[in-house]
Amino acid sequence: MDFFIAILASAVRSGTPILFATLGEVVAERAGVMNLGLEGVMLVGAYAGFAATKATGNPWIGIAAAFTAGVAVTLIHAFLSITLMCNQTVSGLALVLTGYGLSALLGRNTIGQTIDGLKPLAFPLLCKIPFIGPVFFQHNAMVYISYALVAFLCWFLFRTRAGLNLRAVGENPRAADAMGLNVIGLRYFYCLLGGGLAGVGGGYLSIVYAQMWIEGMTSGRGWIAAGLVIFGLWNPARAALGAYLFGGVEAFQLRLQAMGSSISASLLLTLPYLMTIIVLTAVAIRAGKGVLLGAPASLTVPFRREDRD
Amino acid sequence: MIKFKLEPRLEIPVWMNVVIPVAAVVFGLFIGGILFACLGVNPFKAYAAVIEGALGSTFGLGEIIIKAIPLTLTALAGLICYRMLIWNIGAEGQLCMGALATAAVVRYFFVDNCFVMFVIMFAAAAIAGGLWGGVTGFLKSKWGVNETITTLMLNYVAINICEHFIYGPWKDPSSMGFPFTPNFPDAARLWVLNGTKIHAGIFIALGVAIVFQVLLKRSKWGYEIRVIGENPRAARYAGINIAKNILLVTFIGGAVGGLAGMSEVAGLLGRMNGGFSMGYGYTGIIVAWLARLSPIYVPLVAFLMGILLVGGDTLQVAMGLPLASINILQGLILCSVLGAETLSRYRLRVIHRSAKGETA
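Residue numbers (my numbering), protein chains in the order written: chain U, 21 to 329; chain S, 11 to 370.
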């Protein structure tokens with residue numbers, strides 16, 4: 021039982037950075053902009069968070085810096101894909117390269133230095149509940165914020181006027197435009213917000229998880245997040261489920277290594293990636309059987325007011 | 011008040027096809043220079059080091075060519091898929107699997123004849139890479155699984171599988187703990203130009219470029235691919251089998267990626283070692299894009315990108331910058347080429363408007 025609780029608790033802990041990035045991408049894709057550059061955005065966020073925490077000693081300033089840095093690099097993608105109507109796949113890729121290089125260059129002199137990151141914090145009262153307490157409520161403040169964010173986004177996307185507008189911009193920008201919505205402006209806003217959240221996901225890695233900066237420390241988590249958006253059918257709650265599933269695979273893999281399993285570490289490391297493929301395939305097969313996939317209808321389709329289709 | 015508006019061009023002037031990409035690359039390097047300056051790196055010194063290191067000697071020239079070989083192949087691996095709007099970014103993994111298959115046949119099916127061995131290695135690498143790419147094509151054509159994500163995930167899987175063998179069962183017992191396989195016997199090495207590291211992979215790379223150019227421009231199959239890429243709906247009406255073609259391009263693309271792996275281990279390195287791929291799969295995507303998805307330009311663009319990569323090595327050695335800093339330049343160049351494409355398709359119009367909203 022203890023083993024089980026430990027695995028689930030570390031699933032939540034290692035799933036959280038992926039969760040932030042996934043939630044950001046859900047918001048951006050719901051507005052019709054696909055940002056495949058999450059990996060690069062997370063890295064820049066991770067470095068910015070590390071550097072700001074190191075400079076100020078305050079991890080919350082670090083988190084804010086990670087958010088800001090995420091927004092700043094995503095601006096490149098937003099400009100290319102929204103204003104210049106470029107291919108979003110290629111633009112996202114360019115963002116990965118730029119973000120990777122930028123963070124590596126920025127962090128060249130601080131590799132391996134540690135910081136005092138966010139302290140663990142048990143959630144009052146709730147942490148005492150058997151099973152649920154140790155699994156969900158004995159982590160740190162960022163984990164609790166991510167729970168709140170999931171709940172908020174579920175409410176915002178599906179229960180508010182602003183959420184409806186956001187979805188309208190991603191489903192049918194022409195109709196949204198006719199309703200008097202500023203399609204370009206909303207797409208910019210949500211794309212950048214998504215980038216900011218991905219930055220926070222990166223910041224979580226450096227400030228809370230590793231408490232140091234390592235070049236390329238996201239090791240594919242940004243890409244996994246992009247896959248999880250599809251797995252989560254563009255729904256924040258399902259995205260959370262996916263993120264914890266992956267956190268779980270990662271935690272399981274680490275634990276097997278620690279127990280001295282005879283399977284080599286490299287082969288165990290392939291598990292999360294193989295899992296993504298299997299999960300995506302399962303979702304696609306179900307979609308083929310008539311389950312509504314829910315991809316925004318105008319995802320990756322640029323909007324130009326003067327075009328008629 | 012001044013407003014900017016993008017209007018589609020009816021006709022794209024011919025000179026623009028040359029001037030715009032070149033201007034875009036220059037612009038990307040310019041922004042990169044500014045960024046370097048902001049990060050406390052003297053951009054003039056950095057670019058001078060890049061040019062000096064890459065073009066300052068025949069050694070540098072050779073280095074460029076041996077980087078251009080895998081880049082050409084990985085770019086072509088992606089290009090054939092992009093022409094059909096299949097976003098295969100898995101050349102990195104296909105390269106790894108090709109290299110792994112090459113090392114495997116050298117280890118288990120070695121024949122002491124360089125011609126026979128070449129055929130075996132060529133086939134093994136092409137099949138391994140092809141299957142690795144084909145998995146994605148199968149999932150895509152059968153169930154519509156997003157190929158960008160699957161190819162990328164398979165990259166990580168392939169890299170880890172390679173590491174498993176290099177660090178584990180295939181490690182050279184006399185390597186004193188370093189992660190590499192024993193050196194390949196001479197019969198399993200590709201031909202190498204005397205006194206340089208330039209190897210026969212160059213012929214494979216140029217050969218594939220020419221074959222692809224002819225296929226795409228002159229064959230019925232190439233025509234089908236272009237139709238699917240430019241107008242999938244028309245392709246469906248014309249009765250073109252899209253699912254079959256997806257499988258085919260991902261397999262062929264994968265096979266070419268696999269050949270890149272073979273030419274690296276059998277041509278350049280003569281063994282497989284840790285981190286042998288250097289991200290050629292990803293850089294290849296940029297090369298394909300800069301060549302405007304035209305196979306015949308790929309070797310040239312790969313050569314130019316090779317300058318940047320060799321320069322990156324110099325940056326690392328001479329200025330102590332991380333190797334990844336060259337990624338900034340690659341990313342910015344790609345961004346700027348991408349943006350410039352829009353500017354060649356659209357005209358930027360400046361509209362002057364008075365406060366009352368009348369057009370002045």
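A portion of the hints provided could be inaccurate.
[What the hints assert, rightly or not] Some residues of chain U that are not near chain S, with every Cβ distance over 12 Å (derived):
| id | residue |
| --- | --- |
| 1 | 136 |
| 2 | 154 |
| 3 | 185 |
| 4 | 192 |
| 5 | 283 |
| 6 | 326 |
[Claimed, not checked] Among the chain U residues that face chain S by a calculated CB cut under 7 Å, a handful are:
| id | residue |
| --- | --- |
| 7 | 96 |
| 8 | 100 |
| 9 | 106 |
| 10 | 121 |
| 11 | 122 |
| 12 | 124 |
| 13 | 125 |
| 14 | 129 |
| 15 | 133 |
| 16 | 240 |
| 17 | 243 |
| 18 | 289 |
| 19 | 290 |
| 20 | 296 |
| 21 | 298 |
| 22 | 304 |
[Said to hold, decoys possible] Per the computed footprint, the stretches of chain U lying under chain S, defined by three or more beta-carbons under 8 Å from a beta-carbon of chain S, are:
| id | region |
| --- | --- |
| 23 | 156 to 163 |
| 24 | 244 to 251 |
FYI, nobody ran anything at the bench for these hints, they're computed from the structure. Ideal placement from N, C-alpha and C gives every residue a C-beta, glycine not left out.
Legend entry - Outside-interface status for residue 185/U - nearest CB in chain S farther than 12 Å: Non-interface label on residue 185/U holds, nearest chain S Cβ at 24 Å vs cutoff 12 Å.
Inset, instruction - May I ask you to test the interface hint for residue 304/U with respect to chain S, counting a Cβ-Cβ separation under 7 Å as satisfied? - result: holds, 4 Å
Inset, instruction - Hold the hint about residue 129/U up to the distance rule: shortest CB distance to chain S must be less than 7 Å. - result: With a closest approach of 10 Å, the residue 129/U hint is violated.
Inset, instruction - Count residues of the region 244 to 251 of chain U with a Cβ under 8 Å from any Cβ of chain S, then say if the count reaches three. - result: holds (count 4)
Legend entry - Claimed clearance of chain S by residue 326/U, with the beta carbon kept past 12 Å: violated, 8 Å
Legend entry - Closest CB of chain S to the CB of residue 136/U still more than 12 Å away: About 25 Å separates residue 136/U from the closest Cβ of chain S, which puts it past 12 Å; holds.
Legend entry - Assertion that residue 154/U lies outside the chain S interface [Cβ separation over 12 Å]: The claim stands: residue 154/U keeps its Cβ more than 12 Å from every Cβ of chain S (closest is about 31 Å).
Legend entry - Minimum beta-carbon distance criterion (7 Å), residue 106/U to chain S: Result: holds, 5 Å to nearest chain S Cβ.
Legend entry - Minimum beta-carbon distance criterion (7 Å), residue 96/U to chain S: holds, 6 Å
Inset, instruction - Report holds or violated for the interface hint on residue 243/U, using the least CB-CB distance to chain S and a cut-off of 7 Å. - result: Hint holds; residue 243/U Cβ to chain S Cβ min 5 Å, cut 7 Å.
Inset, instruction - Would you assess whether residue 192/U, listed as outside the interface, keeps its beta-carbon beyond 12 Å of every beta-carbon in chain S? - result: holds, 19 Å
Legend entry - Closest C-beta approach of residue 289/U to chain S relative to 7 Å, hint status: holds, 5 Å
Checked against the numbered hints listed earlier, the structure breaks hints 5, 6, 14, 15, 21, 23; every other hint is satisfied.
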